[in-house]
Every structure is written in structure tokens, then in C-alpha cells.
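Here the sequence shown is numbered in the numbering used here, starting from 1 and rising by one per residue.
Because the hints were derived from the structure by calculation, they are not lab data.
Among the hints, erroneous ones may be present.
Said to hold, decoys possible - Computed cross-link-like contacts, BS3-like style, restricted to lysine-lysine with a CA-CA straight-line distance of at most 30 Å:
(1) 55 with 41
(2) 71 with 17
(3) 89 with 256
(4) 173 with 161
(5) 41 with 100
(6) 186 with 71
(7) 256 with 308
(8) 41 with 66
(9) 52 with 71
(10) 17 with 41
(11) 413 with 186
(12) 432 with 403
(13) 356 with 77
(14) 407 with 438
(15) 376 with 437
(16) 17 with 55
(17) 403 with 438
(18) 186 with 41
(19) 52 with 100
(20) 434 with 376
(21) 260 with 186
(22) 356 with 407
(23) 267 with 308
(24) 413 with 425
(25) 356 with 438
(26) 260 with 331
(27) 186 with 173
(28) 249 with 164
(29) 269 with 368
(30) 403 with 356
(31) 403 with 308
(32) 89 with 55
(33) 249 with 260
(34) 186 with 100
(35) 403 with 437
(36) 356 with 66
(37) 331 with 66
(38) 308 with 407
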Amino acid sequence: MEGTDSVATLLESTTSKIQQLQKAFAELESHRAVTLNLKWKQIEEHFHGLEKSLKRRFTELEDQEKEFETKTVQSQKVLENRHAAVMAKEEASLTELQEKRDFAVTAITNAVGKHKHGNEPVTVNSEGPPEAAASEYKEDNTKKLFENGDLKLLSNPELAKLCKEMDSGGLHKFISDNRKNLVILKEEIPIALKAAVDPGGLVLDSLNGFYIVDGKKDSNLLGLRRTCIMLMECLSILLSDLTMNTATKVISENVKERAKIIAQEWKPKLDDLDLDASNGNSLEAHAFLQLVATFGIDSDFVHEDLSKLIPMVSRRHQTADLCRFLGLSDKMPGVIGVLVNSGRHIDAVNLAFAFKLTEQFCPISLLKSYLAEAIKAPSTVKAGNSSPAAQNDVCERELSALKAVTKCIEEHKLEDRYPLDPLQKRILHLEKSKADKKRATEVVKPQSKRPRANGIAGYGPPRNTTTVAADKSFYAARYPPPTQYMYENRPPYAYPPPPENHVHSFIGTATYNIVPNHGNYFGNGYQYQAPYLH
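Please take these sequences and the hints and turn them into a complete structure.
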């Protein structure tokens with residue numbers, strides 16, 4: 001620190017030295033030409049630039065020193081924690097050894113007592129408890145591991161009962177029937193697993209049926225797979241709360257071997273998965289990685305192969321924790337590069353923030369690139385396919401991209417670097433345009449008109465030409481055409497007589513003759529509908 005203080009003092013004295021140099025230069029200037037004024041400005045700017053550069057470098061060195069001190073403190077804490085864990089492990093081993101020793105002494109004492117009273121030979125099992133009490137000893141030992149777990153506080157006592165009975169099928173059914181309370185179940189299942197004699201074996205039993213024979217996917221299979229993943233996650237939570245010695249008892253070597261066999265069976269089936277089709281939400285890949293992480297069998301697989309599965313689960317919120325647990329943090333730059341090349345920039349930004357790689361992968365550049373790709377019209381539209389369906393697809397694509405970018409900016413608090421106002425205005429514009437197009441394309445169905453009783457034209461049922469011709473002949477025979485007699489005996493209020501002449505006199509004096517066979521027309525000019533005259 002003394003060296004740092006001395007450097008800071010020297011930097012502070014720089015200004016005074018520049019002023020002294022300026023005075024000396026002014027005296028020199030009085031004896032020289034006026035052109036020295038320009039040279040002094042250049043010298044002053046040069047010294048000020050050096051001063052700023054030195055201060056900036058000094059600040060960087062101070063920050064590096066603080067960072068080094070912080071890392072040193074953290075390393076010391078990690079070493080202390082490891083030392084405490086080792087001490088706790090040694091103490092637990094000594095306690096366990098003392099328990100075995102006491103049990104052996106008790107067994108020997110009991111055997112000697114039986115020999116004295118009944119003259120029976122003394123048989124003592126040097127490897128552990130007698131076979132008659134082996135199961136009771138294992139069960140009592142398991143109960144001691146979880147003596148701090150309060151199963152009475154569970155809101156679902158049925159969970160503890162199913163775990164105690166090692167009923168994996170009943171556990172699946174209970175979770176499926178209570179999916180509305182999934183948040184509470186996730187909190188209580190790690191506690192309920194403490195009631196099981198073999199929690200690791202119970203979770204492995206629950207994985208039966210994850211891959212069905214016919215390969216058909218339905219809602220029941222998806223629900224079963226989600227339940228399997230949740231049970232493995234709950235077992236991981238239980239293990240994280242235990243000491244190293246206790247955790248090794250929960251996940252025994254036998255359980256680990258079973259987990260390895262299952263993982264070896266699942267691994268070839270993941271080779272057929274399509275990266276684009278999974279869209280970062282593959283339950284199969286997630287279950288495999290969770291199985292490897294929960295049961296600690298990652299050493300049996302190459303980390304490069306495991307990292308290739310990360311893009312298949314990049315959208316799931318457990319991905320970052322899984323990668324850290326599996327030791328894949330150093331593989332993340334390559335994984336993020338794969339996501340960017342496949343057009344999944346949002347997932348790349350999330351992982352960049354999770355692993356503090358934002359300097360290598362700029363979030364703002366990734367988000368802008370993602371929007372540019374989304375707005376770009378597909379080749380089908382460029383080729384001249386300007387159909388409404390194609391235009392709607394482009395609009396939907398841009399709208400979903402804008403909403404995803406807006407959500408990402410809000411989650412990572414990037415509003416200062418990427419303003420939301422233009423994006424939100426564009427979203428409103430696209431939604432309004434979408435609603436207008438939908439209203440314009442809606443076809444109003446015409447309502448059918450019912451025929452009226454008075455038979456007004458246009459409301460009755462349509463008639464074909466044959467029926468019309470038959471009606472004409474019927475009314476022509478029943479109602480003959482009007483004659484001159486009808487007009488001679490007409491009353492004063494009846495229809496007027498026909499005019500004597502229909503043409504001017506200069507054309508001729510031809511008389512008006514009514515053309516016969518006028519069908520259903522009367523002389524008064526009114527027309528009658530056939531069906532309503534009967």
C-alpha cells in the first residue's frame with residue numbers, strides 16, 4: 001500500500017510540475033518568436049494526455065488489486081469450508097466406527113452370556129451385525145441419517161407414506177392427481193424422500209416407462225417424463241442438504257450401478273434427436289443430464305458429448321445449474337456459438353449472462369441480430385408469393401421476435417442500452433394491423449329469408465320453368481282474355497275503356513285490338529300469383 005500511496009502522490013504533483021514548466025516556457029517565449037505559442041499548446045496537450053493515461057492505468061491497477069484481494073478472500077473461504085468438510089467427514093467416520101465397535105462388543109457380550117447359560121458355542125460375525133438383525137440395523141441407520149427431517153409438518157402426509165412403502169407407481173399417480181399444487185409438492189418431496197429406506201432406489205424405480213416400446217408420444221407420457229425429472233431434481237435437493245458422508249450412504253454403489261445401466265440404455269436414443277426439432281426444450285436430453293448429475297456418474301461420460309446435449313435443453317431454467325454441476329462451464333462459449341449459429345439468440349443471451357460471458361458475446365448485438373433475421377422476409381415471399389397467408393406468417397414471425405426480445409431486455413435489465421419504446425410501438429402497430437386484417441377477411445354469412453304468407457315475390461320457393469309454363473296454360477284456359485263486352489257494360493268506377501286509337505292520326509287509323517292469350521294478365525293491368533287464387 002505504501003507504493004500505491006507514493007504513486008498517487010506523484011500523480012497529484014503532475015499538475016504543479018506542468019504549471020512550473022509553463023512559466024519557464026513563458027520566459028523562454030518572451031525572448032523568442034510568437035510561433036512558440038502553438039508549440040506550447042502541443043506540449044501541454046501531450047503532458048495532459050500522459051497524465052490521463054497514467055491515471056487510467058493506475059485506476060486499472062487498483063481495480064485489479066482489489067479483485068485479486070477479493071479472489072484471495074474467496075479462496076481462503078473455500079479452503080476453510082473444505083477443511084471443515086474434511087474434519088466433519090473424519091468425525092462422522094470416527095462416530096460410525098465407534099458405533100460399529102459398540103455393536104460388536106454388545107454382540108460378543110450377548111453371545112458369551114448365551115454360552116454361559118445354555119452352553120452354546122459362541123459365533124460372532126466379524127464383518128458386521130448378525131444376519132438376523134441386518135435389516136433392522138440398516139433401517140435404524142437410515143433413520144439416523146434423517147433424524148432432523150420433520151415429516152409431521154408435511155401438508156401431504158400421503159407423500160411420506162408412499163416413500164416409506166417404496167411405492168414408485170403410487171408416487172407417480174399422486175403427483176399426477178395433484179399437479180395443481182406442483183409448487184408445494186416440489187418443496188415437500190425432498191422431505192418425504194427421507195422416509196424411504198432407499199431414496200435413490202425409489203427414484204430409479206420411478207424411471208420405469210420413461211421410454212415406451214411403440215414410441216408414440218401423448219400427454220400422459222409427457223406428464224410421466226416431467227414427473228421423473230422432478231423426482232430426480234428433488235433427490236438432488238435432498239442430497240445438497242446432506243453432508244458428504246451421509247450423501248454417499250443415500251446414493252450407494254449399488255444405486256450408482258443401476259443409474260449407470262439406465263444412462264447407458266438412454267444414451268443411444270438421444271443420437272436420433274433433432275437439434276432444431278427439440279427447440280431447446282427436449283425432455284429426453286434433460287432427463288439424461290439430470291440422471292447423470294443427480295447420481296454423480298458424469299465421470300463415465302465424455303464432457304464433450306455431454307456439452308453437445310446442452311443446446312437441446314437451452315430453454316429450460318435448470319440448464320445453467322446442470323452445466324455447473326456437471327463441470328461444463330468451460331464448454332459454454334462453444335455451446336453459445338452453436339445457439340447463435342442456429343438462430344436461437346435469446347437462449348444464447350441467457351446463457352451468456354448465467355456464465356458471465358457478456359463481454360465475449362454482446363447481448364445487444366445478439367438481440368439486434370435476432371430481430372434482423374426475424375424481420376427478413378423468407379425466400380418464398382421474395383420469389384413473388386405475396387399471398388395473405390405468407391404475409392401473415394411474416395407478421396407473426398416479427399411479432400413473436402419482438403415480444404421475445406422485449407422480455408429478454410426486461411429480465412436482464414438492459415433498458416438503458418436498448419430502449420423499449422420503439423419495440424413496444426412496433427408491437428402495437430403489428431397487433432393493430434393483424435386485427436384489421438382479421439376483421440377485413442371475415443365473411444358475413446347471409447341470413448336466409450323465410451317466405452311470407454301473402455306470397456310477395458322473392459320470398460317464396462323458386463319454381464322451375466316447367467311449373468311456370470303449366471301455370472300459364474292453366475290460367476289461360478280458366479280465365480279467357482278480356483273482350484269488348486267487358487268494357488261496354490262496365491260500371492263508372494271500373495277500369496277505363498280501351499282507347500280507340502293507340503297511334504297518331506298521321507300514322508293511320510288502325511283500331512286497337514287486344515292480342516289474345518295474355519296468360520294471367522287482366523285488362524286492368526294487375527298480375528295475380530297462381531298459388532294464392534284458389
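Checked hints:
no.	hint	result
1	55 with 41	holds (21 Å)
2	71 with 17	violated (38 Å)
3	89 with 256	holds (21 Å)
4	173 with 161	holds (14 Å)
5	41 with 100	violated (88 Å)
6	186 with 71	violated (35 Å)
7	256 with 308	holds (24 Å)
8	41 with 66	violated (37 Å)
9	52 with 71	holds (28 Å)
10	17 with 41	holds (16 Å)
11	413 with 186	holds (29 Å)
12	432 with 403	holds (15 Å)
13	356 with 77	holds (22 Å)
14	407 with 438	holds (26 Å)
15	376 with 437	holds (21 Å)
16	17 with 55	holds (16 Å)
17	403 with 438	holds (20 Å)
18	186 with 41	violated (71 Å)
19	52 with 100	violated (71 Å)
20	434 with 376	holds (18 Å)
21	260 with 186	holds (25 Å)
22	356 with 407	holds (19 Å)
23	267 with 308	holds (12 Å)
24	413 with 425	holds (19 Å)
25	356 with 438	violated (44 Å)
26	260 with 331	holds (23 Å)
27	186 with 173	holds (15 Å)
28	249 with 164	holds (17 Å)
29	269 with 368	violated (36 Å)
30	403 with 356	holds (24 Å)
31	403 with 308	holds (28 Å)
32	89 with 55	violated (51 Å)
33	249 with 260	holds (17 Å)
34	186 with 100	violated (36 Å)
35	403 with 437	holds (20 Å)
36	356 with 66	holds (19 Å)
37	331 with 66	holds (28 Å)
38	308 with 407	holds (27 Å)
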